[in-house]
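Chemist: Starting from the structure of chain A, add chain B where the hints point.
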Amino acid sequence: MQLEDLGLWRDIASALSKSLFITIEVTVLASLVALCVAFVAGTAQLAPWRPVRWLARVYIETFRGTSALVQLFVMFYVLPLLGLRLSPLMVGVVGLGLNLGAYGSQVVRAGIVAIDRGQRDAAVALGLTGWQTLRRIVLPQAIPLMLPPFGNELIEMLKATSLVSLIALTDLTFAGNLFVEQRGHALDVYTALLFTYFILALPLRSLTRHLERRTRLIAGGLSDLATERPI
Amino acid sequence: MTFDWGYAWEILPAILRGAVVTIKLGLAIYAVALVGGLILAVVRLALTPALAHAVDQFTSFIRTTPPLIQLYVPFFILPQYGIVLSAEVTGVAVLGLHLATFTSEVYRAGIEAVPRTQWEAAIAIGLDPRRTWMRIILPQAARKVVPPLGNYLIGTIKSVPYLAVISVQDMLGTALNEASLSFRYYEPIALVGALYLVMSLIAAELVRFVERRYAAV
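Residue numbers (this note's numbering), protein chains in the order written: chain A, 1 to 231; chain B, 1001 to 1217.
It should be emphasised that the hints constitute simulated quantities derived from the structure, not laboratory data. The beta-carbon is built from N, C-alpha and C at its ideal position, and this holds for glycine as well. There could be a bad hint or two in this list.
What the hints assert, rightly or not - Derived coverage of chain A by chain B (criterion: at least 3 residues anywhere in the stretch with Cβ under 8 Å from a Cβ of chain B; other residues may be distant): (1) 59 to 67; (2) 76 to 89; (3) 174 to 188; (4) 192 to 200.
Unchecked claim - Part of the chain B face toward chain A, derived, beta carbon under 10 Å: (5) TRP1119; (6) GLU1187; (7) ALA1203.
Same shape as in the complex, but just chain A:
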């Protein structure tokens, strides 16, 4: 009995380990997409031109207003019929990146808004352009404030990658489901899966907590921002 158990756990571990890389790959790539999109959409919301602000709002409302799972399905099933065929990996990376980028843009916006008005007035008084003010004065102060909520977003991203299993990407969740289909042992497999995700998130979690303690000392932080999106 004991030896059989050991064998089972070894089988589960080897089945999951092959897909671990896909999960990490999707998390990292989609996070990079989300980060870029968040900065573009976040600053665009504060742009002096109305059409730019309007475009940013449409993007943010669309991606925050619909479910991440539905977005992945739309990209997977609907886009090919419009002539845009993406691989499942591309759908996962772009879909999750755009989804979490929409939430991240609110972090960027709030971070910029949190910087004291006087800093911007001083920059105007010094004759800096809008772009220079943003790049040299506002962002260097705002980015530290954004880091803890971004850390939370990274954890959300890791959790959200489990959705790609439903568009036929062989990530951890897909591998777990396949194992259960072929050999059963649902309890063992899903417990192993939950702990794998938990362990993957541990470094992100301690990093986020560390940053939260530090930014709270600086300026009260933006800790309320992350409460916007639970799943």
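Modeler: Same frame as chain A, now just chain B:
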């Protein structure tokens, strides 16, 4: 292949029935999350530090692992032990608990945001703990938690499609069902996306209305 308006029109009633299921289940999950989160927050405050730490560890485990897999656990495992719950009940309980771990943080932040001096003043005028909570602390905390909890309502509605994975006939479940019968994914999925957008815009308007009326500035 192009968008077939005839087919879209044909499946629209079924999708709309699914939308009603989505709204109902979303509200049920939200109710579990609101009540469960409050229980978690109060329990954590009332327990000894060691027990509170244990609850903390449990909730952070729930928070940091994918709700999709959390759904699989009871759905596939409870029947092995002879416990048969409907997919709807299982789903509402699991997603409700997942969200409760987030709402409990909101309650905690709301309670902590009430200034220390309010507690001191309550002691000074001789209020007992129960009255301090009911008359002084909770009414002030409640106004602070309205905006974040309002945002959770929209978040909750968006979590319902997860239940399609365990065969619930919500809006997405119905759409996938129709698609598997007709082999056309385009129209059903596009309809779901569009209807979600409409639903969330309405919900956002509602939340804004409630915020304006009840939230502390």
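Chemist: Quick one: which hint numbers does this structure break? Sort them smallest to largest.
Modeler: 5
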